[in-house]
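A.B. asks: Take the sequences, apply the hints, and build the full model.
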Amino acid sequence: MSLNPDQLAAIVARDIPAGSYVNLGIGRPTKVADHLPADSGVVLHTENGMLNMGPAATGDQVDPDLTNAGKVPVTELPGASYFHHADSFAMMRGGHLDVCVLGAFQVSATGDLANWSTGAPDAIPAVGGAMDLAIGAKQVFVMMTLFDKQGRSKLVPECTYPLTGVACVSRIYTDVAVIDVGPDGATLRESFGTTPEDLRARLPVPLKTPAPQGATG
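Under the numbering used here, the first residue of the sequence shown is numbered 1, with each subsequent residue one higher.
Mixed in with the good hints, there may be bad ones.
In silico lysine to aspartate or glutamate, DMTMM-like type, Cα no more than 20 Å apart, as pairs [stated by the list, open to error]:
id: 1; residue 1: Lys154; residue 2: Asp87
id: 2; residue 1: Lys138; residue 2: Asp98
id: 3; residue 1: Lys71; residue 2: Asp39
id: 4; residue 1: Lys71; residue 2: Asp112
id: 5; residue 1: Lys149; residue 2: Asp184
id: 6; residue 1: Lys138; residue 2: Asp112
id: 7; residue 1: Lys208; residue 2: Glu197
id: 8; residue 1: Lys71; residue 2: Asp34
id: 9; residue 1: Lys138; residue 2: Asp184
id: 10; residue 1: Lys149; residue 2: Asp198
id: 11; residue 1: Lys138; residue 2: Asp175
id: 12; residue 1: Lys138; residue 2: Asp60
id: 13; residue 1: Lys208; residue 2: Asp198
id: 14; residue 1: Lys138; residue 2: Asp122
id: 15; residue 1: Lys208; residue 2: Asp175
id: 16; residue 1: Lys138; residue 2: Asp15
Keep in mind that the hints were calculated from the coordinates and are not lab data.
C.D. replies: Here's what the structure looks like:
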């Protein structure tokens, strides 16, 4: 059975190293904030100028002046700080973020990212800070469905949509599988409600599985 967005966000949160500085992109990635353990030491950064953002705000917690980059009301954790938008982008571009989690239209098996436009004549471009994050963060994770509404794979040999960044993504988290991507191609880490064989039959790229621990040769 495939994962819903909250279940997938919990998987992403599990894999973020303790103490990391992390940016969560607009949309599905913002859900990761709700699944980080209180003792993780993870510091969330928003490109509109905040460090140590907490989970989404609910009920009486909602402050219309306290939102993330997607304009979703959020909470602040002890020690939270605020700063100018330009300083926020300097953090993103300067290599100060350990991980960013972004959405995507396409990711290539070698880690190219396309997430700001489909290239269609009527498409509304929405690059935001994605290009800055893609080249500035030490690791780029992508959250997306593995297949679009027409059943086409979003993991592709080469991106056909306008690129956000080249060879920048290290791992994709999808509703049916977690897959590492990079110079060596696509490697399956885990799957949900499907098998490696079924995935290989639907994907337009070779899908490797890691060798068992201790294996040689």
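A.B. asks: None of the hints should be skipped; say for each whether it holds.
C.D. replies: Checked hints:
1. Lys154 with Asp87: violated (33 Å)
2. Lys138 with Asp98: Roughly 5 Å between the alpha carbons, so the hint for Lys138 and Asp98 holds.
3. Lys71 with Asp39: violated (26 Å)
4. Lys71 with Asp112: violated (27 Å)
5. Lys149 with Asp184: violated (28 Å)
6. Lys138 with Asp112: Holds, at roughly 15 Å.
7. Lys208 with Glu197: Given pair Lys208, Glu197 holds - Cα atoms ~11 Å apart, limit 20 Å.
8. Lys71 with Asp34: Judged against 20 Å, a Cα distance of about 16 Å means the pair holds.
9. Lys138 with Asp184: holds (18 Å)
10. Lys149 with Asp198: This hinted pair holds, its Cα atoms lying about 18 Å apart.
11. Lys138 with Asp175: Not OK: Lys138 and Asp175 at ~24 Å, beyond 20 Å, violated.
12. Lys138 with Asp60: violated (36 Å)
13. Lys208 with Asp198: At roughly 13 Å apart (the allowed maximum being 20 Å), Asp198 and Lys208 satisfy the hint.
14. Lys138 with Asp122: Cα-Cα ~33 Å, so violated.
15. Lys208 with Asp175: holds (18 Å)
16. Lys138 with Asp15: holds (15 Å)
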